[in-house]
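Peer 1: Letter by letter, the chains look like this.
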Amino acid sequence: MVVSKMNKDAQMRAAINQKLIETGERERLKELLRAKLIECGWKDQLKAHCKEVIKEKGLEHVTVDDLVAEITPKGRALVPDSVKKELLQRIRTFLAQHASL
Amino acid sequence: MKMEEMSLSGLDNSKLEAIAQEIYADLVEDSCLGFCFEVHRAVKCGYFFLDDTDPDSMKDFEIVDQPGLDIFGQVFNQWKSKECVCPNCSRSIAASRFAPHLEKCLGMGRNSSRIANRRIANSNSMNKSESDQEDNDDINDNDWSYGSEKKDWELKVTLPFILLSYTAKKRKSDKLWYLPFQNPNSPRRSKSLKHKNGFSVCTSASNTLPLLFSSSGELSNSDPFKYNNSTGISYETLGPEELRSLLTTLIFLFQQCGVISEHTKKMCTRSLRCPQHTDEQRRAVRIYFLGPSAVLPEVESSLDNDSFDMTDSQALISRLQWDGSSDLSPSDSGSSKTSENQGWGLGTNSSESRKTKKKKSHLSLVGTASGLGSNKKKKPKPPAPPTPSIYDDIN
Numbered sequence: 001m002v003v004s005k006m007n008k009d010a011q012m013r014a015a016i017n018q019k020l021i022e023t024g025e026r027e028r029l030k031e032l033l034r035a036k037l038i039e040c041g042w043k044d045q046l047k048a049h050c051k052e053v054i055k056e057k058g059l060e061h062v063t064v065d066d067l068v069a070e071i072t073p074k075g076r077a078l079v080p081d082s083v084k085k086e087l088l089q090r091i092r093t094f095l096a097q098h099a100s101l
Numbered sequence: 001m002k003m004e005e006m007s008l009s010g011l012d013n014s015k016l017e018a019i020a021q022e023i024y025a026d027l028v029e030d031s032c033l034g035f036c037f038e039v040h041r042a043v044k045c046g047y048f049f050l051d052d053t054d055p056d057s058m059k060d061f062e063i064v065d066q067p068g069l070d071i072f073g074q075v076f077n078q079w080k081s082k083e084c085v086c087p088n089c090s091r092s093i094a095a096s097r098f099a100p101h102l103e104k105c106l107g108m109g110r111n112s113s114r115i116a117n118r119r120i121a122n123s124n125s126m127n128k129s130e131s132d133q134e135d136n137d138d139i140n141d142n143d144w145s146y147g148s149e150k151k152d153w154e155l156k157v158t159l160p161f162i163l164l165s166y167t168a169k170k171r172k173s174d175k176l177w178y179l180p181f182q183n184p185n186s187p188r189r190s191k192s193l194k195h196k197n198g199f200s201v202c203t204s205a206s207n208t209l210p211l212l213f214s215s216s217g218e219l220s221n222s223d224p225f226k227y228n229n230s231t232g233i234s235y236e237t238l239g240p241e242e243l244r245s246l247l248t249t250l251i252f253l254f255q256q257c258g259v260i261s262e263h264t265k266k267m268c269t270r271s272l273r274c275p276q277h278t279d280e281q282r283r284a285v286r287i288y289f290l291g292p293s294a295v296l297p298e299v300e301s302s303l304d305n306d307s308f309d310m311t312d313s314q315a316l317i318s319r320l321q322w323d324g325s326s327d328l329s330p331s332d333s334g335s336s337k338t339s340e341n342q343g344w345g346l347g348t349n350s351s352e353s354r355k356t357k358k359k360k361s362h363l364s365l366v367g368t369a370s371g372l373g374s375n376k377k378k379k380p381k382p383p384a385p386p387t388p389s390i391y392d393d394i395n
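The listed protein sequences correspond, in order, to chains C and F. Under my numbering, the letters of the first sequence match residues 1 to 101, in that order. Under my numbering, the letters of the second sequence match residues 1 to 395, in that order.
Rather than coming from a laboratory, the hints here were simulated on the basis of the structure. Predicted model only: the values in this text are computed from it and were never measured. We treat Cβ as the ideally placed atom computed from N, Cα and C, and that holds for glycine. Misleading hints may appear alongside valid ones.
Simulated crosslink set (BS3-like; lysine-lysine; CA at most 27 Å straight-line) [what the hints assert, rightly or not]:
1. F:LYS104 with C:LYS30
2. F:LYS104 with F:LYS265
3. C:LYS51 with F:LYS44
4. C:LYS43 with C:LYS55
5. C:LYS47 with F:LYS82
6. C:LYS8 with C:LYS51
7. C:LYS30 with C:LYS57
8. C:LYS55 with F:LYS44
9. C:LYS74 with C:LYS84
10. F:LYS59 with C:LYS43
11. F:LYS15 with C:LYS51
12. C:LYS8 with C:LYS36
13. F:LYS15 with C:LYS8
14. C:LYS8 with C:LYS47
With beta-carbon atoms standing in for the labels, derived distance ranges [stated by the list, open to error]:
15. C:ARG28 with F:ARG41: 24 to 30 Å
16. F:ASP52 with C:GLY24: 19 to 25 Å
17. F:ASN13 with C:LYS51: 24 to 30 Å
18. F:ASP12 with C:GLU56: 45 to 51 Å
19. C:PRO80 with F:VAL75: 58 to 64 Å
Pulled from the structure, derived: some chain F residues nowhere near chain C, Cβ distances all over 10 Å [unchecked claim]:
20. GLN21
21. PHE49
22. VAL64
23. ASP65
24. LYS104
Using the sequences and the accompanying hints, generate a full structural model.
Peer 2: See the structure below:
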């Protein structure tokens, strides 16, 4: 029972992701988020943080994994509420449109 | 597909919300990942720290926000008070007006520029202390020398100006013609030019030389020199070189084709019957230089005194010889040409003048009349001679 439910959830998620990509909504959302983040200074804040990290580790020894580990939590936290809300709203509308099918 | 629909429709709101959050987190992580790749690439390529500046230089290039200064901290209305000195007339002109002034002053515009130039020269000569004489001379030399190497436009402007006085005497009105010749400080202006016949013509040392002559035909013509004087009036006020080049051009037009080539901008030196140019072209050139009354020389001899006749031209030739013999360098082609004809010119001089006496179209100059009395003396002409005195002196 539990396994079948998990299986069903996974299937559902996969189906939704498929739909997101097929309709191109994912690309649109990504582009919107990027624009919003640049607009609100998220990128500049992260860049400043990056500089600290890089200076700490040394220019030659920085790897992508290091950067991702350091930056991603910070990046998630720094997203402004307004941007988050707008994006969630768009995702919900998308889901509502396609859940009714 | 059917299952999918079922599953989607069967979800409750909390599940949908969870999925939405998941998608959002996914997207943010994507962005972060993209950013990390970007930074990493910049670091490895070495352009990540390019836009870094130290705080000192940041302070140096801070934007200035003060009244009266621009963002760089410079005073921005400085230019308003700036004045430029004109290299031509050495007046100081506001910077904003300098370009239009220079255009006029240097003669790039229309003919008005030359008038302006003349006016400036006149005013300068009125109070000589203003500018040094060398400058003035240079300006005036440019104005009044038309050697063969000079450009066409100089000839175009100056020649008709002088010839105006010449052709004007053809009209039978009693008008007085003022020709405000300027060449203020030129030393040759103060020279007393000696005529071949022992008659000295007085040229004025004054700076503005108003030429006054009348075209009345009722003047007494007993004096054989009078005609010479009358034809020579406008030329005697010119310097010897100027006179020579002018008259050389005139003679040229009576002896040679003279049509100005479109390519070389030079006058044709072939004979009047030159096959390369038509009579029409020759006529156009003569009208261009001598005014509408001028016609081709070969036709002229048969025409009456309304045209530019041969006696006049010969009188001119004689004047040229007088001039050429004065103090000119023989190397010049114009003077050498005149010296060839000198004997003939002298011989015909008096006879020609006698002929023209009968035509009753003469000019006379005030200055020359007074010059008759005071022979060989430098005597400045009155700047504006009273009209009645002309007739008194002459009669």
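Peer 1: All the hints need checking, so say for each whether the structure fits it.
Peer 2: Hints, verified against the model:
Of the pairs offered as hints, the one joining F:LYS104 and C:LYS30 is violated, with about 66 Å between alpha carbons and a cut-off of 27 Å exceeded. Simply put, F:LYS104 and F:LYS265 have alpha-carbon atoms about 25 Å apart, close enough for the 27 Å limit, and the pair holds. A distance of roughly 13 Å separates the Cα atoms of C:LYS51 and F:LYS44; the hinted pair therefore holds under the 27 Å criterion. Distance check on the hinted pair: C:LYS43 and C:LYS55 sit about 18 Å apart at the alpha-carbon level, within 27 Å; holds.
For the given pair, C:LYS47 sits about 49 Å from F:LYS82 by alpha-carbon distance, which is inconsistent with the 27 Å threshold. A C-alpha spacing of about 44 Å is found between C:LYS8 and C:LYS51, which places the hinted pair above 27 Å, so the restraint is violated. Proposed proximity of C:LYS30 and C:LYS57 is contradicted: the alpha carbons are some 30 Å apart, above 27 Å. Among the hinted pairs, C:LYS55 with F:LYS44 is consistent with the structure: their alpha-carbon atoms are about 13 Å apart, no more than 27 Å.
Of the supplied pair hints, the one linking C:LYS74 and C:LYS84 holds, its CA atoms being roughly 15 Å apart against a limit of 27 Å. Of the supplied pair hints, the one linking F:LYS59 and C:LYS43 holds, its CA atoms being roughly 24 Å apart against a limit of 27 Å. With a C-alpha separation of about 39 Å, the suggested pair F:LYS15 and C:LYS51 falls outside the 27 Å cut-off, and the hint is violated. At roughly 34 Å between alpha-carbon atoms, C:LYS8 and C:LYS36 are farther apart than 27 Å, so this suggested pair is violated.
The straight-line distance between the Cα atoms of F:LYS15 and C:LYS8 is roughly 13 Å, inside the 27 Å bound, and the hint therefore holds. Only pairs whose Cα atoms come within 27 Å are accepted, and C:LYS8 paired with C:LYS47 is rejected, the gap being roughly 41 Å. Taken as a hint, the range 24 to 30 Å holds for the pair C:ARG28 and F:ARG41, whose Cβ atoms sit roughly 25 Å apart. The beta-carbon spacing between F:ASP52 and C:GLY24, approximately 39 Å, falls outside the hinted interval of 19 to 25 Å.
At about 43 Å, the CB distance of F:ASN13 to C:LYS51 disagrees with the hint of 24 to 30 Å. One distance hint, 45 to 51 Å for the beta-carbon pair F:ASP12 and C:GLU56, holds here, with the actual separation near 47 Å. Restraint check, C:PRO80 to F:VAL75: a C-beta distance of roughly 43 Å breaks the suggested window 58 to 64 Å. Not every CB of chain C is more than 10 Å from the CB of F:GLN21 (nearest about 7 Å), against its label as outside the interface.
Non-interface status of F:PHE49 relative to chain C is broken: a Cβ of that chain comes within 10 Å, the nearest being about 8 Å off. With a closest Cβ-Cβ approach of about 25 Å to chain C, F:VAL64 is found to remain outside the 10 Å limit, as its non-interface label requires. Here F:ASP65 stays apart from chain C, with its beta-carbon at least about 23 Å from theirs, past the 10 Å limit. Every C-beta of chain C lies more than 10 Å from that of F:LYS104, the closest at about 57 Å, which supports listing it as non-interface.
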